[in-house]
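**Student:** Based on these hints, arrange chain B on the given structure of chain A.
Protein chains: 2
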Amino acid sequence: MTSIAPLDWLKSNSEESLNELKELLRIPSVSTQPARKKDVQRCAESVSQLLTRFGLEKVTIHPTKLHPVVTAEWCHQPNAPTILLYGHYDVQPETPVELWNTPPFEPTIIGGQIIARGVSDNKGMIFAHIKAIQAWLESTGSLPVNVKVIIEGEEEIGSPNLIPFVEANQKLLEADMCLISDNPMFAKDTPSVCTSLRGLGYMEIEATGANSDLHSGQHGGTAPNPIHALASILTQLKDQNNRITIPGFYDNVARLSSAQKKAFSQLPYSTDKYKEQLGVSDLWCETDYSPLECMWTRPTLDCNGIFGGYTDEGAKTVIPAKASMKVSMRLVDDQDPVTIMKEAKSYIHKLCPSGITLSIQDDFGYSNPASTDPAHPAVQAALKALKDTFGKNALLQGEGGSIPIVSELKRILGIDTVLIGMNLPEDKIHAPNEQLSLDNFQKGMETSVRFWENIGMIPD
Amino acid sequence: MTSIAPLDWLKSNSEESLNELKELLRIPSVSTQPARKKDVQRCAESVSQLLTRFGLEKVTIHPTKLHPVVTAEWCHQPNAPTILLYGHYDVQPETPVELWNTPPFEPTIIGGQIIARGVSDNKGMIFAHIKAIQAWLESTGSLPVNVKVIIEGEEEIGSPNLIPFVEANQKLLEADMCLISDNPMFAKDTPSVCTSLRGLGYMEIEATGANSDLHSGQHGGTAPNPIHALASILTQLKDQNNRITIPGFYDNVARLSSAQKKAFSQLPYSTDKYKEQLGVSDLWCETDYSPLECMWTRPTLDCNGIFGGYTDEGAKTVIPAKASMKVSMRLVDDQDPVTIMKEAKSYIHKLCPSGITLSIQDDFGYSNPASTDPAHPAVQAALKALKDTFGKNALLQGEGGSIPIVSELKRILGIDTVLIGMNLPEDKIHAPNEQLSLDNFQKGMETSVRFWENIGMIPD
Chain A
120 MTSIAPLDWL
130 KSNSEESLNE
140 LKELLRIPSV
150 STQPARKKDV
160 QRCAESVSQL
170 LTRFGLEKVT
180 IHPTKLHPVV
190 TAEWCHQPNA
200 PTILLYGHYD
210 VQPETPVELW
220 NTPPFEPTII
230 GGQIIARGVS
240 DNKGMIFAHI
250 KAIQAWLEST
260 GSLPVNVKVI
270 IEGEEEIGSP
280 NLIPFVEANQ
290 KLLEADMCLI
300 SDNPMFAKDT
310 PSVCTSLRGL
320 GYMEIEATGA
330 NSDLHSGQHG
340 GTAPNPIHAL
350 ASILTQLKDQ
360 NNRITIPGFY
370 DNVARLSSAQ
380 KKAFSQLPYS
390 TDKYKEQLGV
400 SDLWCETDYS
410 PLECMWTRPT
420 LDCNGIFGGY
430 TDEGAKTVIP
440 AKASMKVSMR
450 LVDDQDPVTI
460 MKEAKSYIHK
470 LCPSGITLSI
480 QDDFGYSNPA
490 STDPAHPAVQ
500 AALKALKDTF
510 GKNALLQGEG
520 GSIPIVSELK
530 RILGIDTVLI
540 GMNLPEDKIH
550 APNEQLSLDN
560 FQKGMETSVR
570 FWENIGMIPD
Chain B
120 MTSIAPLDWL
130 KSNSEESLNE
140 LKELLRIPSV
150 STQPARKKDV
160 QRCAESVSQL
170 LTRFGLEKVT
180 IHPTKLHPVV
190 TAEWCHQPNA
200 PTILLYGHYD
210 VQPETPVELW
220 NTPPFEPTII
230 GGQIIARGVS
240 DNKGMIFAHI
250 KAIQAWLEST
260 GSLPVNVKVI
270 IEGEEEIGSP
280 NLIPFVEANQ
290 KLLEADMCLI
300 SDNPMFAKDT
310 PSVCTSLRGL
320 GYMEIEATGA
330 NSDLHSGQHG
340 GTAPNPIHAL
350 ASILTQLKDQ
360 NNRITIPGFY
370 DNVARLSSAQ
380 KKAFSQLPYS
390 TDKYKEQLGV
400 SDLWCETDYS
410 PLECMWTRPT
420 LDCNGIFGGY
430 TDEGAKTVIP
440 AKASMKVSMR
450 LVDDQDPVTI
460 MKEAKSYIHK
470 LCPSGITLSI
480 QDDFGYSNPA
490 STDPAHPAVQ
500 AALKALKDTF
510 GKNALLQGEG
520 GSIPIVSELK
530 RILGIDTVLI
540 GMNLPEDKIH
550 APNEQLSLDN
560 FQKGMETSVR
570 FWENIGMIPD
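Chains as they are written, first to last, in the working numbering: chain A, 120 to 579; chain B, 120 to 579.
Note that these hints are calculated values from the structure, not bench results. Bear in mind that the values here come from a model prediction, so they are computed numbers and not experimental data. Please note that a few of the clues may not be correct.
In this list, chains with the same sequence are indistinguishable; a pair is considered to hold if it fits within one copy or across any two.
[Stated by the list, open to error] Mimicking EDC-like on lysine to aspartate or glutamate, the simulated pairs with C-alpha atoms at most 20 Å apart in a straight line are: (1) 441 to 431; (2) 441 to 213; (3) 441 to 401; (4) 469 to 358; (5) 469 to 401; (6) 290 to 558; (7) 380 to 452; (8) 157 to 432; (9) 357 to 401; (10) 184 to 432; (11) 392 to 293.
Here chain A stands alone, though its shape is the one from the complex:
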């Protein structure tokens, strides 16, 4: 195998790799918080410096209306295909910060885990792929494929400026297929390639009752309470079978075929183990669907945050003037986020009790559901790279999360995406104590070295 040289290079440079990743993790590039705008910019600059150091060319920081996009390329194999590598350098907020055991932006190694906000989602993953490029270039002077890199800073807020950027830079980004690692592998020691993603719609609903907070003794029993209004709306959005009640919501959701159901049931998955992992006695699955079916093939709706009234220690007897909640929906198949969000808003206004006024904000970006044919050569190249790295057959799987860019790349550039899972489902992404094992970080770089080789063998 020609990939021995870059793999050896990676092994002898593993300490340097970890230190470079740590530097990236120290930057609190939280894209949703305006106060962190400069940190996001600083992170884009660090990424571009790494790309340059690793041997990529035409490294460019493109400003957008909010956070910059970084691009780079290495295109010197006229007979090999061109892969567009996508990743994001922005991260989720670190709240609730008091639940972290170590500082979220000071990467700490404990028990073989790198612990830091963004280490799994997505800094560690994207770093592994670009480090593998360096391994090829440093050890052999060349790369088996042509690679274009695009790393954005708005994934965690729905990529509002990425799509216009792709639209405006089709020539720059022209490629045969896309590679993304922004999703976990199926399980520890069970490598997998993901071929479907759910879409996303997100809204914030603010309910207003009286024009001022009120004393709940003097006005209790007469004054409309915006917390009760939100609770009533939220409760009515799902029925007893955990089905969403928004009119027309399931119109473009495909029925699972019995063949698909059978394939799902044969995956090495234990519902009891999943419940144990979450620490819950029961799951909230849609009636007639298994947990994997619910997570990968069924749409859903969750309140992601709620706030109103007095929430500090102790008792305060207040009827608040306002309360608000954040609600997201995960979409599948042919559900169109724009249509669904419009229907949802209209329905929520209808559910609002009289005496309360609602204001619904939905400018958080959205994401279409997406899928790739398992027979696609990039999927096959990824399965082989994983098998050779982990010494086990890799599975095909779906994914409940959303990567907005996937369906948009298909629409704008006409290319399919292969999604290689590199972290683990238990890595607490979006949560306190986000982690990535040192082992998976190392195997991620090795898998990438092999993927670049495997995909390079496919004639352009």
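**Tutor:** Frame of chain A, contents of chain B only:
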């Protein structure tokens, strides 16, 4: 009238009165917040200094398990009755502080209003009564009655240590009746005496789903969501008619007689004006009851605060591990808070969806409902004092709020309480921009001067 001298004295000392009140308002004596414990203590010391300066005797600060009780007396009229004056020097939290137009603990005069946390509830009111005592003592050398004063620092947290204090100090507090001004008058220019109060029960409910915050893409559709659980519980606690669904909740609630209904309907009250004052298009009254009936004679339940998940700016796709809400109930007639709270907790546990665990905290203190016979001499003395001060007949009214001490004083000391309203319903107590008009502050002191005189004429 003998009261001309103290009234004149008050007029010529009005600037000093206002400055003394302002000093008291500058102390952030928020009893529910452990971080403010020293401020609460400092406020007790300020109150005791005022009582001494105003001519009261045996001024004492009594430590308790939490915040101190201040007592004092002037008892040199062997043939007149003894009045126990009760008030509290603690205040509600100033949150949400961003909605205040002026600093909550820097009293500011705008448009004839004193604006500060606690000015209406209860510092301004209790100050008016003790200042009226000074007015009598300074201008005549004597007081027409015997007065005992008890001012506590835990009213806003349900007076947990006051009842044991009263139990242990029955001789010290022995009196013929109690006077409290911790409630608003019926309306601007409509003075009133209150003869009934609702009781209070308060709890905090914490719901737990998974053992960590989860990514709502990866786990949405399977993981139990504690926000949805709280919303569902809250929604089920009231039915479509705004009746509380806790089993047995209405067992000890008396039916309003047609005579009472008629009396309510004749009060100078406009539902439209009330809606306009709150700025709402509809009220949430219990079916078949008017707003006044709901506020004064019917029990109710309100969520006073809810918190869970991501509540900062922007979007975060999380299923939180925990969410919590604060729920209070207002009770009437023979509803026993202890029994009701027990029933409520048991019922809430039954409403909890599977996959979620609940923890319910209820050590916030509670309050029994209470009422006083309108024919009581103290009520009559108060009505006359208000009429002479405002130049208008004073009404009898109920009150939706709770003053825990009232039913306890009846139980322990065997005395009834007269409640003289001094501030206005629109004074935003418990809310941002709490206020008290300079006019009502002045009239409060005048009313008190006259009340001391009127009640002193009743033979002991």
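**Student:** All the hints need checking, so say for each whether the structure fits it.
**Tutor:** Comparing the hints with the structure gives:
| no. | hint | in the structure |
| --- | --- | --- |
| 1 | 441 to 431 | both (16 Å within a copy, 15 Å between copies) |
| 2 | 441 to 213 | between (26 Å within a copy, 16 Å between copies) |
| 3 | 441 to 401 | between (33 Å within a copy, 16 Å between copies) |
| 4 | 469 to 358 | both (16 Å within a copy, 18 Å between copies) |
| 5 | 469 to 401 | between (32 Å within a copy, 16 Å between copies) |
| 6 | 290 to 558 | neither (37 Å within a copy, 75 Å between copies) |
| 7 | 380 to 452 | within (16 Å within a copy, 60 Å between copies) |
| 8 | 157 to 432 | between (34 Å within a copy, 17 Å between copies) |
| 9 | 357 to 401 | within (17 Å within a copy, 26 Å between copies) |
| 10 | 184 to 432 | between (40 Å within a copy, 18 Å between copies) |
| 11 | 392 to 293 | neither (43 Å within a copy, 66 Å between copies) |
Comparing the model with each earlier hint shows violations of hints 6, 11; every other hint is respected.
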